[in-house]
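Go by the hints and put chain H onto chain A.
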Amino acid sequence: MQAPAPAKAPPAPQIRPDRPLSPHLQVYRLALTTVMSGLHRITGLVLTLATPLLVAWLVAVACGADAYAAAGAFFGSWPMRIVLAGLIGVFWYHLFNGLRHLAWDAGYGFDIRAARASGAAVALLTVAAFAATLFLTPAWRWLWGAP
Amino acid sequence: MSGHATRHWRNQKLSAIALVALGGWFLFSLLSLPDPGYASVRAWLSAPSQSVLMLLSGWCALWHSAQGVQVVVEDYVYGAMHGRVRTLSRFAHLAAAVAVAWSVWTIALGGAA
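So the protein lines, in turn, are chains A and H. Quick note: the first sequence uses the numbering used here, first residue 96, plus one each step. Quick note: the second sequence uses the numbering used here, first residue 1082, plus one each step.
Worth flagging that the hints you see were computed from the coordinates, not collected in a lab. Since we're looking at a predicted model, the values are computed, not measured. Please note that the accuracy of each hint is not assured.
[Said to hold, decoys possible] Once the Cα atoms are required to be at most 25 angstroms apart in a straight line, the calculated SDA-like pairs of lysine to any residue come out as:
#1 H:Lys1094 to H:Gly1160
#2 H:Lys1094 to H:Val1152
#3 H:Lys1094 to A:Ala209
#4 H:Lys1094 to A:Thr232
#5 H:Lys1094 to A:Pro233
If we strip away everything but chain H, and leave its shape as in the complex, we get:
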């Protein structure tokens, strides 16, 4: 895919800026828990505001990761493998994003407990 370099560059900056805040939030929130046990984590991530932040953090991290992998693949993977590796990376990141959404949704609704 060509002609999207500027948009890719700008989106990578956007996801980076968002991740400074969201990554900091995640680490700070996790380490503020009394313990890393199931009840504590579940109570933390069940609050609606925390669900939204967890979803945004997960998606932003995966988006930024996909963008970064694309840049590395563009630099180092040539020929027929280039397209394959890029497609594989996209699908893997997309699958992870779906898993994050399902998890956050399930935790927020209090199911599977």
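Okay, chain A solo, but in the shape it has when bound:
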């Protein structure tokens, strides 16, 4: 008979204040690649927090014209317009940097020069796509126009 597989999960890491934690953020020089790695998580979490907005919008479409008008009043308020504009930039950053992560997962672009170059490319593409979405599409009119 086979021994049953160990069912216990590994113990949760203990925080010991008398020892430095690793990785120890203060000892690293902040590099583009470091900042971009952190930003990928932050933008991902921001997009997660934005999913209720998408769901609420979709539910409002399903509920009919009155509900949609109420949602429109909310999304058309000035704080929400700024949030929506920001989300466009966050979306593009996470998408482009996500493609960079997919390339790494496939085994490409690991050396430091390539990582820096792809990081710079993501930054430029994000700014370009953000600007193009805002200024070359009706987004500008919708976000800054009359309510």
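For chain H alone, coordinates are given in the frame of chain A:
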């Protein structure tokens, strides 16, 4: 839950690749509308092909979101809170997925108009 790391990693790549296309579709379609008013949005999302794409986009976004939150929780939430936060995230994402399905279904059938 242990022993599912490889599957989780692979599924996260799958949802990411799908979202490149679906996220692009959503933003492009939305910004191609003449206006963001009710009639335009309803007309767009009533077409069967668009219903399917909207359902896939919503579900993929929520799936990818749940996977991402799980990774962050695994890194930063220890002890008793770990399981609670993960369960809460799962239920919240599941509830959102149900709301998306109901909405797409209702819009496609032309009800509640």
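Original post:
Holds or violated: H:Lys1094 with A:Ala209, Cα cutoff 25 angstroms?
Top reply: Between H:Lys1094 and A:Ala209 the Cα gap is close to 21 angstroms, so the pair holds against 25 angstroms.
Original post:
Hey, H:Lys1094 versus A:Thr232, does the alpha-carbon distance stay inside 25 angstroms?
Top reply: 30 angstroms, violated
Subject >> Distance restraint between H:Lys1094 and H:Val1152, which requires alpha-carbon spacing of 25 angstroms or less >> reply: 13 angstroms, holds
**OP:** Assess, step by step, whether the Cα of H:Lys1094 is no farther than 25 angstroms from the Cα of A:Pro233, and give holds or violated.
**Re:** Violated, at roughly 32 angstroms.
Subject >> Restraint status (C-alpha distance of H:Lys1094 to H:Gly1160 at most 25 angstroms) >> reply: 28 angstroms, violated
Violated hints, listed in ascending order, are 1, 4, 5; each of the other numbered hints is respected by the structure.
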